[in-house]
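Novice: The residues making up each chain are set out below.
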Amino acid sequence: MTSQMSVDHAVSYTADEMMTVSAARVLRDGMTCFVGIGLPSSAANLARATHAPSLVLIYESGTIGAKPAQLPLSIGDGMLAETADAVVSVPEIFNYWLQPGRIDVGFLGAAQIDKFGNINTTVIGGDYRNPKVRLPGAGGAPEIAASCREVIVVVRQSYRSFVERVDFVTSVGYGSGPGDRERLGLTGAGPKKIITDLGVLEPDPETLEFTLTGLYPGVSASAAKERTGWDLASAAEPEIIAAPTPAELDALRRFQGTRARSHQ
Amino acid sequence: MAEIVSLAEAVERAIHDGDAVAMEGFTHLIPFAAGHEVMRQRRRDLTLIRMTPDLIYDQLIGAGCVRKLIFSWGGNPGVGSLHRFRDAVEHSWPVPLEIEEHSHAGMANRYVAGASGLPFAVLRGYNGTDLYRLETLSGGRGPVSATTAPTIKPITCPFTGETLTAVSAIRPDVAVIHAQRADRSGNVQLWGIIGVQKEAVLASERSVVTVEEIVDELEPRPGAVVLPGWTVSFVAQAPGGAHPSYALGYSARDNDYYVAWDAIARERGTFTKWLEEQVYVVPAGQL
Numbered sequence: 001m002t003s004q005m006s007v008d009h010a011v012s013y014t015a016d017e018m019m020t021v022s023a024a025r026v027l028r029d030g031m032t033c034f035v036g037i038g039l040p041s042s043a044a045n046l047a048r049a050t051h052a053p054s055l056v057l058i059y060e061s062g063t064i065g066a067k068p069a070q071l072p073l074s075i076g077d078g079m080l081a082e083t084a085d086a087v088v089s090v091p092e093i094f095n096y097w098l099q100p101g102r103i104d105v106g107f108l109g110a111a112q113i114d115k116f117g118n119i120n121t122t123v124i125g126g127d128y129r130n131p132k133v134r135l136p137g138a139g140g141a142p143e144i145a146a147s148c149r150e151v152i153v154v155v156r157q158s159y160r161s162f163v164e165r166v167d168f169v170t171s172v173g174y175g176s177g178p179g180d181r182e183r184l185g186l187t188g189a190g191p192k193k194i195i196t197d198l199g200v201l202e203p204d205p206e207t208l209e210f211t212l213t214g215l216y217p218g219v220s221a222s223a224a225k226e227r228t229g230w231d232l233a234s235a236a237e238p239e240i241i242a243a244p245t246p247a248e249l250d251a252l253r254r255f256q257g258t259r260a261r262s263h264q
Numbered sequence: 001m002a003e004i005v006s007l008a009e010a011v012e013r014a015i016h017d018g019d020a021v022a023m024e025g026f027t028h029l030i031p032f033a034a035g036h037e038v039m040r041q042r043r044r045d046l047t048l049i050r051m052t053p054d055l056i057y058d059q060l061i062g063a064g065c066v067r068k069l070i071f072s073w074g075g076n077p078g079v080g081s082l083h084r085f086r087d088a089v090e091h092s093w094p095v096p097l098e099i100e101e102h103s104h105a106g107m108a109n110r111y112v113a114g115a116s117g118l119p120f121a122v123l124r125g126y127n128g129t130d131l132y133r134l135e136t137l138s139g140g141r142g143p144v145s146a147t148t149a150p151t152i153k154p155i156t157c158p159f160t161g162e163t164l165t166a167v168s169a170i171r172p173d174v175a176v177i178h179a180q181r182a183d184r185s186g187n188v189q190l191w192g193i194i195g196v197q198k199e200a201v202l203a204s205e206r207s208v209v210t211v212e213e214i215v216d217e218l219e220p221r222p223g224a225v226v227l228p229g230w231t232v233s234f235v236a237q238a239p240g241g242a243h244p245s246y247a248l249g250y251s252a253r254d255n256d257y258y259v260a261w262d263a264i265a266r267e268r269g270t271f272t273k274w275l276e277e278q279v280y281v282v283p284a285g286q287l
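Residue numbers (the working numbering), protein chains in the order written: chain A, 1 to 264; chain B, 1 to 287.
Hints are supplied without guarantee of correctness; some may be wrong.
[What the hints assert, rightly or not] Each pair of labels, with its calculated beta carbon distance range:
hint, chain 1, residue 1, chain 2, residue 2, range
1, B, Glu267, A, Gly65, 38 to 44 Å
2, B, Pro239, A, Thr207, 58 to 64 Å
3, B, Lys273, A, Arg183, 52 to 58 Å
4, B, Tyr257, A, Asp29, 33 to 39 Å
Derived from the structure by calculation, the hints contain no laboratory data. The C-beta atom is built at its ideal place from N, Cα and C for all residues, glycine as well.
Isolated chain A (complex conformation) (with noise of 0.2 Å):
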């Protein structure tokens, strides 16, 4: 998604940085945050390079408290190393530090989602053995949904993406609806928001299912249910989240023009 929003200002921005934006904003200084890798990565590195300098990056690879300088290209570039309070192996990020629910957000990204924020990077179309798409599978994001204490999805919003029922349940979000979590023994809360280039969705508190609540400058809660696959219910007046400001874009761009270059 490249399209240019234009806005009162003089500043524009595309939807991809309107998304990373709002979704840096709902990270507070001095939590601690499992990072997936993509849009949830520049959101949480943009995050600590604005308003949270505290904030903990936790990356899969046993990186805990990454501070890296530049975006890294995959979880395990070697500045994430070089730059961490600690480094620890594979089973023991996953043993010690995320399956006693000791991480306060989850940062993830998903291939297809659904009304009840469950995510599938697993398989789209077909049947299991015989996918129409094949995609890369769960990596460490099931129990990152299951155990981080809260979870928040960044997606680029699509009617295809955004389903009724996905096809393959890689990650829990609420299941089939209220009651799930607590039957599957699933101990962090779930999806709180999914941040999305159009807005933000938020779970009804009653059924869970996930709603429009926010809508980012210029788009309207109408182009959003265009694309959405289930029958998006919206808040009477959807919040209008405010535009990237100028330093939060520069921020983001300084990290974004570094990437591509990025070694250790």
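Based on the hints, put chain B in the right spot on chain A.
Specialist: Relative to the frame of chain A, chain B by itself:
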């Protein structure tokens, strides 16, 4: 005690057709040189095990060395799909690929069980996922393959009565890893992102370790993992053997190569050309 040999000899003696081989390295220290030697020696029907099958397994799959893949995340990190892996799963090219997939936490614990000499490990995980359902529901999607016994099952805690998840141990025939250095007795030292390499080596029957350099004495390093020589079968010197991955303190991750791989692997023709010109051009055993 580890034998210090050439990479070609190590692969020749340790890895045979039909073996279950775990080449580990979590983004860092991925044993590319050893993987390429396996391709040159035209091993076939391998079961490859790896948490993050990235480019090296894409290459081995495309080269036709692999019958089955056991993994938890198969992608080109930060770039996109593994096209050779997808082509094998979606179109059985060059040969059909059987898969058995897990989460990272599940795979990590399966290695821990293997290294610990236990038949299984316990974790909180998989509940509510279709990864679990694949292995437990008859009449659902069914098992991944008829020849695969379930690897995930519920287990009741004997102390609290809580239902947890058991995953079966992984015990590869061979582990292959890359490390920064070894001494002349074959003691191996690695540091930085250490992944699951120690567990993979200790879980395996045999092991091949490639190193950046062989030194007279291993100078102690904080946080380093040391695998005593008597836990390792073969050590081979392979400077730069992790490229395009990296060896902290010796090289940087070649992110441009990971991006460039996407175009090489996308089509069978460009991949085959790469294989001929970059891998097979070196006769087996002459690296």
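Novice: Run the structure past the numbered hints and jot down the numbers of the failing ones, going up.
Specialist: Nothing - there is no hint that the structure violates, so all of them hold.
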